[in-house]
Structure formats: structure tokens, C-alpha cells
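**Student:** Sequences and hints are given; from them, build the entire structure.
In order, the protein sequence lines correspond to chains A and B. Numbers given in this note's numbering equal positions in the first sequence, counted from 1, plus 30. Numbers given in this note's numbering equal positions in the second sequence, counted from 1, plus 30.
Keep in mind the hints are simulated off the structure, nothing from the lab. There's no promise every hint is true.
Identical chains share a label here; the pair holds if one copy fits it or two copies do between them.
Below are the SDA-like pairs computed for lysine to any residue, each with C-alpha atoms no more than 20 Å apart in a straight line [as the list claims (entries may be wrong)]:
#1 Lys114 - Arg188
#2 Lys54 - Lys183
#3 Lys152 - Thr112
#4 Lys54 - Pro118
Predicted, not measured: the structure shown is a model, and the values here were computed from it.
2 protein chains.
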Amino acid sequence: METLKAIFKRRSIRKFADKKITDKQIKTLLEAAMMSPTAVNAQEWEFLVIRDKKQLIEITKIHPHAQMLKQADAAIIVCGNTSKEILPGYWIGDCGACSQNILLAATDIGLGSVWLGVQPNKKRVQDIRKLFKLPKHIMPFNVIALGYPAEKKKPENRYDDKKAHYEKW
Amino acid sequence: METLKAIFKRRSIRKFADKKITDKQIKTLLEAAMMSPTAVNAQEWEFLVIRDKKQLIEITKIHPHAQMLKQADAAIIVCGNTSKEILPGYWIGDCGACSQNILLAATDIGLGSVWLGVQPNKKRVQDIRKLFKLPKHIMPFNVIALGYPAEKKKPENRYDDKKAHYEKW
Chain A
31 METLKAIFKR
41 RSIRKFADKK
51 ITDKQIKTLL
61 EAAMMSPTAV
71 NAQEWEFLVI
81 RDKKQLIEIT
91 KIHPHAQMLK
101 QADAAIIVCG
111 NTSKEILPGY
121 WIGDCGACSQ
131 NILLAATDIG
141 LGSVWLGVQP
151 NKKRVQDIRK
161 LFKLPKHIMP
171 FNVIALGYPA
181 EKKKPENRYD
191 DKKAHYEKW
Chain B
31 METLKAIFKR
41 RSIRKFADKK
51 ITDKQIKTLL
61 EAAMMSPTAV
71 NAQEWEFLVI
81 RDKKQLIEIT
91 KIHPHAQMLK
101 QADAAIIVCG
111 NTSKEILPGY
121 WIGDCGACSQ
131 NILLAATDIG
141 LGSVWLGVQP
151 NKKRVQDIRK
161 LFKLPKHIMP
171 FNVIALGYPA
181 EKKKPENRYD
191 DKKAHYEKW
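**Tutor:** Below, the structure written as C-alpha cells:
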């Protein structure tokens with residue numbers, strides 16, 4: 031039942047402590063990301079890990095909700111690689127699934143995280159591509175801010191019976 | 031580290047045993063789904079649970095990779111509710127994240143699952159909407175087949191160093 035615990039425990043963390051994430055922890059998050067399912071098993075994701083303070087601050091200049099990156103120890107930019115697609119367009123949902131694996135794995139190893147939306151905001155997509163000189167086939171999906179949490183949030187049960195439909199709409 | 035175990039253990043299961051999933055288990059999966067993050071916390075998903083055998087078979091007639099639904103005990107159709115969107119278009123990535131929660135929660139409680147792609151395949155979207163008479167603002171994202179597994183698959187480590195980029199592309 032531990033997975034359910036992490037699923038229910040995970041909250042968006044925007045305040046981070048001044049404590050380093052290890053390279054091994056980053057690798058664990060990437061391993062978790064790459065275990066997510068993809069359409070026709072295309073595994074059409076790529077991951078850009080940013081740990082350099084200057085680069086993290088550059089992101090805050092182009093993303094309006096990324097100020098916590100000034101305190102974050104790392105960010106993972108989840109990208110779709112459209113040159114590896116087998117069925118066009120599935121990379122967006124696939125990147126959503128793999129991002130969730132990163133968030134849950136982070137929760138599991140004691141890290142805080144928050145998902146900062148990029149796709150489908152055209153300006154943000156363009157700005158991130160420009161900042162990191164991404165080739166045309168690499169589409170940024172989101173930016174996940176990471177660090178040891180400096181805030182505590184209680185689990186919040188969002189279950190809503192009205193959103194559960196049985197047999198028919 | 032238990033969450034990581036489920037993340038690494040999860041495989042797509044397409045053979046199901048003749049054993050009933052309980053209503054409580056279905057509710058657990060929906061609770062897990064609704065704990066996923068959404069853009070601006072819009073929680074713009076809806077879930078259509080199909081357990082009726084006839085209805086499951088109807089899906090196999092319109093989805094080319096859904097034959098395992100003939101043996102599945104249930105299916106959850108994850109949908110985006112575009113009338114609840116705050117930022118347009120984010121529902122697709124958000125449905126990806128919540129689908130992953132369903133797959134991991136299923137793994138955790140001993141169920142097998144497989145994600146059958148619908149969005150962005152226009153014909154499948156149209157056919158599912160027609161079959162279940164979904165209103166215009168309800169967009170089917172995928173169909174998740176569920177049941178007790180009748181096949182065993184070993185964990186498969188998909189980690190690929192070439193997909194991990196550090197500081198720059």
C-alpha cells in the first residue's frame with residue numbers, strides 16, 4: 031500500500047531548504063520517469079536536468095510561476111522527442127505520465143517538487159527552446175522544480191463523487 | 031522506497047483472470063486518480079467506469095487494440111472536462127498524470143492494467159464519444175483496461191543514459 035501513500039501524500043512544494051540533492055537521487059528520478067508507459071512503447075521522452083543556479087534563475091525570467099526555482103536545487107525539463115514518435119501527438123499524454131512518476135518518486139525519497147506547465151503555452155515553449163537551444167524535434171513539456179521541502183503540507187483528499195460515472199454518462 | 035517498487039514493477043497487462051474487482055477497489059483507483067496535480071488545480075478530469083460485459087465488448091469494436099477488454103473485469107475511460115479548464119489545452123497532460131496514478135494504484139492493489147490510447151486519434155475520440163453519448167465538453171483521453179492479471183511480466187529497466195541531458199542539450 032506504500033504507493034497509494036505516496037500518491038495521497040504528494041503535494042506541490044514551492045519552498046525548498048538549502049540542501050543538496052545527490053546525483054544518485056537525480057538518477058533515481060530519471061529511472062522512474064523512464065518506467066512510464068508510452069504509446070506503442072516509443073519511449074519518446076528526453077530529460078534536461080538543470081542544477082546550475084544561473085540557469086535556474088534564467089528560467090524564472092521566462093516563466094511567470096517559476097520563482098521558487100531561485101531556491102530549488104534542481105529542475106528537470108521533461109521533453110517530447112517528436113523524431114521518436116510512432117503515433118503523432120501521443121507524446122503530450124505520455125510526458126504527463128512520466129512527469130507523475132518523477133513527482134511520486136521524489137515524494138518517496140523525501141524530496142519536494144512542483145510541476146510548472148509549459149506545453150501547450152506557445153510562448154513558454156518557444157522561450158524554453160530558445161534558452162536551452164533545443165533542436166526542432168525536442169518539445170519542452172514542463173519544468174519540474176526539485177529540492178528538499180521547506181514547507182509541510184497535509185494530504186488533501188480531492189475525491190469527488192460527481193466525477194465518477196458508472197456505465198453511462 | 032515502496033513507491034519506486036510499484037513504478038518499476040508496473041507493466042502493461044493484457045491477459046486477465048476470471049476474478050472480480052470489488053467496488054471498493056474501483057473507488058481506490060478513482061481516489062488515486064483524483065490526487066494527481068492539474069494546471070492551476072482545475073481538476074478538470076472525469077471518469078467513466080465500465081463494468082458491463084456488453085459495453086466492454088462494444089469498445090473492442092471501435093478500438094483496434096482493445097481485444098483484452100473481452101476478458102477485462104472493468105475499464106476506466108479517463109476524460110477531460112473542457113468546461114472546467116482554467117488554462118486551455120492542459121487537460122491532455124493532466125489526464126496523462128492521473129492515468130499514471132491509476133496504473134500505479136492498480137499495481138499496488140494487485141491488479142493488472144493497460145492504457146489504450148484514444149486522444150489525439152480523432153476517429154477513436156469520435157467513436158468513444160458516440161458510443162457513450164458524451165457531451166461536447168467531455169473529451170475521452172484513454173481507456174484503461176483492468177483486471178486480475180493472468181500473465182506475469184518481469185520488470186523491465188528502460189533507463190537510457192542517452193535520454194538524460196545535463197545543463198545543456
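**Student:** Would you pick out the hints that fail for this structure and give their numbers low to high?
**Tutor:** Structure breaks hints 2, 4.
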